[in-house]
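Chain by chain, the residues:
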Amino acid sequence: MNPIKLALTYLRIGVLNEMQYRINFFIQLLQSFISVATGLIGLSLVFGQVNTLAGWSRSELLAVMGVHLLMGGVIRSIIQPNMERLMDDVRNGTLDFALTKPADAQTLVSVREFRFWQLVDVIVGMVVISIAFVQLKGTLGILQLLGFLAALIMGGVMLYCVWLMVTSISFWVIRVHEISNLFEGLYAAGRWPVGIYPDWLRTGLTFLVPVAFAVTVPAEALTNRLSGTSLLFALGMTLLFVILSRGLWRLGLSNYSGASS
Amino acid sequence: MTPTISVSKLSKHYKVPEREGGMKAAVISLFNRKYRTVKAVDDISFSIEPGEIVGFLGPNGAGKTTTLKVLSGLLHPTSGAVNVLGYEPTKRSHDYLRQVALVMGNRNQLSWDLPAIDSFELQRAIYGIPVLEFKKTRDDFIDLLELKDLVNKPIRNLSLGERMKMEIVGALLHRPKVLFLDEPTIGLDVTMQRRIRAFIKEYNQRWGATVLLTSHYMADVEALCKRVIVIHHGHTLFDGELSSLVTQFSSFKTLGVTLPNPEVDLSQYGEVLTRDGARVTLRVAKAKTSQVTANLLSDLQVDDLTVEDTPIDDVIDSVFTSTEETK
Chain A
1 MNPIKLALTY LRIGVLNEMQ YRINFFIQLL QSFISVATGL IGLSLVFGQV NTLAGWSRSE
61 LLAVMGVHLL MGGVIRSIIQ PNMERLMDDV RNGTLDFALT KPADAQTLVS VREFRFWQLV
121 DVIVGMVVIS IAFVQLKGTL GILQLLGFLA ALIMGGVMLY CVWLMVTSIS FWVIRVHEIS
181 NLFEGLYAAG RWPVGIYPDW LRTGLTFLVP VAFAVTVPAE ALTNRLSGTS LLFALGMTLL
241 FVILSRGLWR LGLSNYSGAS S
Chain B
1 MTPTISVSKL SKHYKVPERE GGMKAAVISL FNRKYRTVKA VDDISFSIEP GEIVGFLGPN
61 GAGKTTTLKV LSGLLHPTSG AVNVLGYEPT KRSHDYLRQV ALVMGNRNQL SWDLPAIDSF
121 ELQRAIYGIP VLEFKKTRDD FIDLLELKDL VNKPIRNLSL GERMKMEIVG ALLHRPKVLF
181 LDEPTIGLDV TMQRRIRAFI KEYNQRWGAT VLLTSHYMAD VEALCKRVIV IHHGHTLFDG
241 ELSSLVTQFS SFKTLGVTLP NPEVDLSQYG EVLTRDGARV TLRVAKAKTS QVTANLLSDL
301 QVDDLTVEDT PIDDVIDSVF TSTEETK
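Chains as they are written, first to last, in this note's numbering: chain A, 1 to 261; chain B, 1 to 327.
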């Protein structure tokens with residue numbers, strides 16, 4: 001089974017079903033506006049005091065906020081729902097059904113859920129990024145755009161890998177739901193460029209929970225700060241995360257024996 | 001003919017952490033954990049021919065589900081060899097998984113919020129079923145189980161029985177050659193059980209599928225399975241025809257006698273089980289049945305007399321209790 005075709009089938013059916021619940025669209029829209037508003041207030045508070053923050057101007061930080069919003073939408077629409085369902089499946093023993101299917105189990109558990117309306121955050125994030133970009137009077141070269149997209153995709157893949165690793169722990173420890181709250185807290189730190197944080201936190205946000213790669217690096221690409229070396233480093237990290245998470249997932253699977261026998 | 005399923009000397013042992021109740025024991029177990037080995041399945045062997053429907057019987061915890069999970073590739077055997085359709089299930093090769101199905105009566109695979117018709121579409125994508133074949137199979141199954149008006153409703157709005165029928169359709173859309181059914185009728189009413197039973201039989205006959213079925217309802221087993229395998233504490237107790245299980249393990253018959261005079265005492269003829277007005281049931285040793293029947297008819301005025309085998313539930317029960325006693 002072609003994994004892309006499989007993912008698209010799940011996507012199509014997920015979208016068709018969520019379309020029935022239009023009220024969710026408005027709720028989500030409201031939520032997005034609230035997070036944009038609080039973000040803007042935070043920005044104006046900071047820039048009431050200083051003119052730059054760790055070398056980032058106001059408009060540049062607006063771009064960071066946009067990327068943070070966009071990536072948050074990706075997490076909440078695809079990554080988090082799938083991983084939470086995986087945790088439930090492990091606890092209830094219903095993962096058995098996924099494992100008796102003629103498809104790669106990791107692919108299958110990663111594409112089954114899709115929260116369509118959470119994509120509102122992705123759209124709003126893109127709008128915020130565009131506004132920031134206009135304020136910066138920047139020109140978007142093709143290389144810059146490609147760098148941004150590459151950084152964005154790699155950041156998303158890394159976040160997925162971390163989620164998968166954390167979720168794989170549920171094969172040993174059945175109760176890991178609290179971990180998604182912890183993750184959300186750490187992700188919130190990505191609203192600011194990681195350069196403003198003390199070293200220990202910056203290291204954690206780079207290597208443990210790669211918020212740095214998911215938000216700061218794409219924003220650097222947009223604001224002409226990204227070097228080819230950083231991008232290459234991000235690529236190396238992405239591969240490392242992919243390999244590690246796949247390994248841990250397989251180890252967890254071999255340990256899995258169903259919630260009851 | 002090569003058997004579809006062959007299991008030889010299969011054992012599956014679990015290591016489970018064990019501690020006594022109470023706070024102190026809980027703290028100790030954090031540092032010094034004791035393990036106990038549970039022999040869920042211990043040295044069982046059997047083989048099943050193509051097209052057979054075999055009932056897999058045993059009390060809770062006998063090792064039935066564990067065996068089904070080994071057969072469907074979910075668990076690795078501790079020792080022994082398992083072969084299904086020429087594959088080693090543990091390898092979980094896609095070619096193998098495409099030809100089998102696992103249905104668990106107490107767990108659902110269909111998405112709670114989606115209408116069944118959408119979940120079926122997902123099954124089609126996962127198994128890569130050609131569209132025309134898929135539609136035909138789906139519509140056939142929907143007709144057979146009378147689900148036409150329900151497929152567009154979200155699963156959460158269906159009754160337990162309707163949901164189970166949907167589960168079965170979803171699990172069989174790829175037309176598996178081998179079915180592992182773990183209590184497919186659990187918790188359902190009699191009509192629904194009968195409908196599902198009929199469907200399993202129909203599926204087996206139409207496609208020559210091999211079925212291994214566990215159930216606590218003897219009616220399922222009697223209706224579907226010529227052959228049964230009885231396991232208890234991980235061991236095989238019996239493997240053979242259902243009818244010979246009855247002859248082998250039941251040494252009694254039940255006599256039903258209707259008398260015009262209900263006052264007569266029948267205890268000299270056998271153990272009186274029930275007395276309901278003029279109707280009396282007696283338990284009589286199998287070897288003595290004809291003698292007792294003759295005596296009853298010559299000694300008394302009898303309106304009606306029936307001779308029956310012990311009900312299968314009681315036979316199974318006596319199989320388990322007799323092995324408990326010999327242990």
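Among the hints, a few may not be true.
[Unchecked claim] No more than 20 Å apart at the CA atoms, straight line, and that leaves these computed lysine to aspartate or glutamate pairs for EDC-like:
1. B/Lys-9 / B/Glu-49
2. B/Lys-201 / B/Asp-95
3. B/Lys-91 / A/Asp-88
4. A/Lys-101 / B/Asp-95
5. A/Lys-5 / B/Asp-140
6. A/Lys-101 / A/Asp-88
7. A/Lys-101 / B/Glu-133
8. A/Lys-101 / B/Glu-52
9. B/Lys-286 / B/Asp-313
10. B/Lys-136 / B/Glu-183
11. B/Lys-201 / B/Asp-139
12. B/Lys-177 / B/Glu-271
13. B/Lys-153 / A/Asp-104
14. A/Lys-5 / B/Glu-133
15. B/Lys-34 / B/Glu-49
16. A/Lys-101 / B/Glu-88
17. B/Lys-286 / B/Asp-276
18. B/Lys-226 / B/Glu-183
19. A/Lys-5 / B/Asp-95
[Claimed, not checked] Restraint ranges, calculated between C-beta atoms of paired labels, are given here:
20. A/Gln-20 / B/Glu-202: 32 to 42 Å
21. A/Ile-4 / B/Asp-149: 33 to 43 Å
22. B/Lys-15 / A/Glu-84: 23 to 33 Å
It should be emphasised that the hints constitute simulated quantities derived from the structure, not laboratory data.
Heads up, the beta-carbon is just placed ideally off N, CA and C, and yes, glycines get one too.
Hints and how they fare:
no. : hint                             : result
1   : B/Lys-9 / B/Glu-49               : holds (18 Å)
2   : B/Lys-201 / B/Asp-95             : violated (25 Å)
3   : B/Lys-91 / A/Asp-88              : violated (25 Å)
4   : A/Lys-101 / B/Asp-95             : holds (10 Å)
5   : A/Lys-5 / B/Asp-140              : violated (26 Å)
6   : A/Lys-101 / A/Asp-88             : holds (18 Å)
7   : A/Lys-101 / B/Glu-133            : holds (19 Å)
8   : A/Lys-101 / B/Glu-52             : violated (24 Å)
9   : B/Lys-286 / B/Asp-313            : holds (18 Å)
10  : B/Lys-136 / B/Glu-183            : violated (27 Å)
11  : B/Lys-201 / B/Asp-139            : holds (18 Å)
12  : B/Lys-177 / B/Glu-271            : violated (48 Å)
13  : B/Lys-153 / A/Asp-104            : violated (30 Å)
14  : A/Lys-5 / B/Glu-133              : holds (19 Å)
15  : B/Lys-34 / B/Glu-49              : violated (43 Å)
16  : A/Lys-101 / B/Glu-88             : holds (15 Å)
17  : B/Lys-286 / B/Asp-276            : violated (23 Å)
18  : B/Lys-226 / B/Glu-183            : holds (17 Å)
19  : A/Lys-5 / B/Asp-95               : holds (19 Å)
20  : A/Gln-20 / B/Glu-202: 32 to 42 Å : holds (35 Å)
21  : A/Ile-4 / B/Asp-149: 33 to 43 Å  : holds (35 Å)
22  : B/Lys-15 / A/Glu-84: 23 to 33 Å  : holds (29 Å)
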